[in-house]
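If you want the building blocks of each chain, they are given just below.
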Amino acid sequence: MIIELNDTSTKEIAAELLRARQSVGGTGGMVHTLIVVAEDHNSADVFEAAQASARVHPSRVIVVVYSDSGDPHLDAEIQVGEGTPGDLLALRIHGSEIREHAGSVILPLLLPDSPTIVWWPHEAPENPANDPVGALGDRRITDAAGSENPKVALTTRARNHTPGDTDLAWTRLTRWRALLAASLDQYPHTVTGAVVKAAHDNAPAMLLAAWLEDRLDVEARMEVHERPGVSEVRLETADGDIVINRGNSDAIALYNVPGQPERKVALKRRPLTELLTEELQRMDADDIFEAAVGRVLVKVGP
Amino acid sequence: MSILSTNPLRDPQDRRLPQIAGPCVLVIFGVTGDLSRKKLMPAVYDLANRGMLPPGFGLVGFARRDWATQDFAQQVHDAVKENARTEFREEVWEQLLEGIRFVPGTFDDDDAFIRLRDTIQELDNARGTGGNHAFYLSIPPSSFEIVVSQLKRHGLTERTEHNWNRVVIEKPFGHDLASARDLNEVVSSLFDPHEVFRIDHYLGKETVQNMMALRFANQMFEPIWNNHYVSHVQITMAEDIGIGGRAGYYDGIGAARDVIQNHLLQLLALTAMEEPTSFEASQLRAEKKKVLAAARVPENMDLHTARGQYCAGWQGGRPVKGYLEEDGVDPASNTETYAAIRVDVENRRWAGVPFYLRAAKRMPRRVTEVALSFKRAPHLPFTATDTEDLGVNALVMRIQPDEGVTLRFGAKVPGTQMEIREVSMDFGYGGSFTESSPEAYERLILDVLLGDPPLFPLQEEVELSWKILDPVIEHWAAQTEQPQPYVAGSWGPQCGIDMLAADGFTWRRP
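Same order as they appear, the protein sequences are chains L and Z. Just so you know, we're using numbering that gives the first Met the number 0 here: the first sequence kicks off at 0 and counts up by one. Just so you know, we're using numbering that gives the first Met the number 0 here: the second sequence kicks off at 0 and counts up by one.
Source of the hints: derived by calculation from the structure; they are not laboratory data. Glycine residues also receive a C-beta, built at the ideal position from the N, C-alpha and C atoms. Certain hints may be false.
Stated by the list, open to error - One side only, chain Z facing chain L, incomplete, derived with CB under 7 Å:
id, residue
1, GLN12
2, GLN94
3, GLU434
Unchecked claim - Computed footprint of chain Z on chain L; a stretch qualifies when at least three of its residues, placed anywhere within it, have a C-beta under 8 Å from a C-beta of chain Z:
id, segment
4, 263-269
5, 275-286
Using the sequences and the hints, build the whole thing.
Quick look at the structure:
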């Protein structure tokens, strides 16, 4: 069921939503509220990602699109039972006045008790926790790669980090970090240095190097590589290097530990929905991420 | 947890990082079986896909087939494509494929075991699996002895300080107390108790932990979890299938040995046990053992047990054969396909609360659940007509399918009349979390590879369970008449209904 409401109010939206739920025979049991915030010009693909997330998780997804055109007013579209287990609300907020008070529009629409997550797929506010919408969230997810200058975006996040913030640049690293941790499980030697090879504007690489430095207490050198993303990580030990190298493949990496045969491991770039799913699994603050961005700041200066 | 303390890249706070098993070889005996194709191989793939298998993992199949390694790899490939829970990805498959080997042979063939040893050694070198081997015996218990002695004779389980050997065996763990002990002797001749993993695939670790969380992480359930409030407990495992091609195994074993001895008694133990002091394996086991030791079937078994056998009927719109007409079943067989017993747990918490356990095949639908029925409120300030439709409160832990919890309680029907009716409040794991539960086998295999045994029953629990069930089986064996027939696709024979009626209860319809 799709309901369109033009020049509407939160009250009307909430009433229509309840009615739609009752007629579709909603299941209840929604897990969280996911608020997706986007600007007008890239709302189409954001909407798609939000829909994908709504299909995977029984949740209420609220897509907030800011539009500067027209008189200040609020338009909404409600989707219930359209192939998603939860609710999908698209709110279009016109005019900067309402925008400044967007929190008042969304607050009544949050699910009771359950957590609220705010996600900015592209540009995010400088300080997400101080943003009128960001302040509603228990968790705030940004994506440095979605902004024009990923490295600058990441350092800005680092400066304004508040517990509960994470960035998808960090999520993209989980498989790499898991493999590196596993390599040291298997080869428990002291690491004396580290090298991260990646594309020059790669924000995850910066974060990965910071994490390695923070955990291993060694210098992690960055080297530029022509292939996109992170290409190779090298941990130096007295008896040789642990090397994980993605080579020319986008899916398979070669894994080398001193004294052991070279092996292939699956290491594919994960799609956005998978990254988001990982983010939505935990609602507590990510202390390890906090330490890593703290380290980023030590390197680039406050 | 020594890894956590020594590996600087790990931190207990860093919960994004999965625990990855160390390099090892998984050797599956009986790899051509149904279980292996439907569950084991897909589970191995799903683990790899979730990034939980180490770089350096070997999978060796052993079976009496004239296959080369490629043929076996093709089998695994097909099994994975058909049955894996997660999406098929070429790169994950490529990683797995490098470590797949096949060794053809029979269990009494010395050459085959020499080839197996060489294959494993080759993997240890080429894949860096470091002498760590897990042997999965997906074979009938009658073959355990020969396989174990072959492993011993050909030195496949050599131990040094740096490697490990583990063995996985599946239910049934014997067919009575004596045979369970014999079986244990065979296995323990080669493996230490902590190297033996007994798997009850019906009861995944996930389920056990879910039950623990429900009971002990909440304040509101524990106070009513006793004989002051609970009138009786029903534990059901119903299967909609018949015995299929498993006549050779099932005939002579029956529902009680097949399911009640392990699965249902474990569920009973988890439902009835006291709170363990911690969730360490040993503490959990200590509590389960106490309950099993306090549990027994009442003396009058004619009254408090029931057995049945399905006969031809219609199930879900299809005609199905009766048990005695199934291929490979002795037409005069008195094996039961429906078993129900009452178990009393004789301790302060549960005295006077009967636990009813039933296991059956060819039921209307597949369902496993534990249902606690509560006593009626001591006084109802309503007229009898107001509460005509009011049953008793119930708390149902649904194990499968659709794992979750249901609460049943009375609510007023809207309208001017005062009328109270039963309603349900439902919680489902599938609908309330952003991640789906891993298959039981995934958790099991990962635990074996990690050497994390907590929730597997040890020999002592197996023996305690047989002590509860043996008298029933002996009693049934002494009967001259057949188990009572019930029509396939029904909820069981009249004697099962009578058994509860004798105590003033009725079975729930799950």
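Evaluation of the provided hints:
Interface restraint check: Z/GLN12 against chain L, minimum CB-CB distance 5 Å, threshold 7 Å, status holds. This hint holds: Z/GLN94 has a C-beta 5 Å from the nearest C-beta of chain L, less than the 7 Å allowed. Restraint check, Z/GLU434 versus chain L: the minimum CB separation of about 6 Å is within 7 Å; hint holds. Judged by the Cβ-Cβ criterion of 8 Å, the segment 263-269 of chain L is covered by chain Z as claimed, because 5 of its residues qualify and three suffice.
Only residues whose C-beta sits within less than 8 Å of a C-beta in chain Z count toward coverage, and the segment 275-286 of chain L has 7 of them, enough to reach three; the restraint holds.
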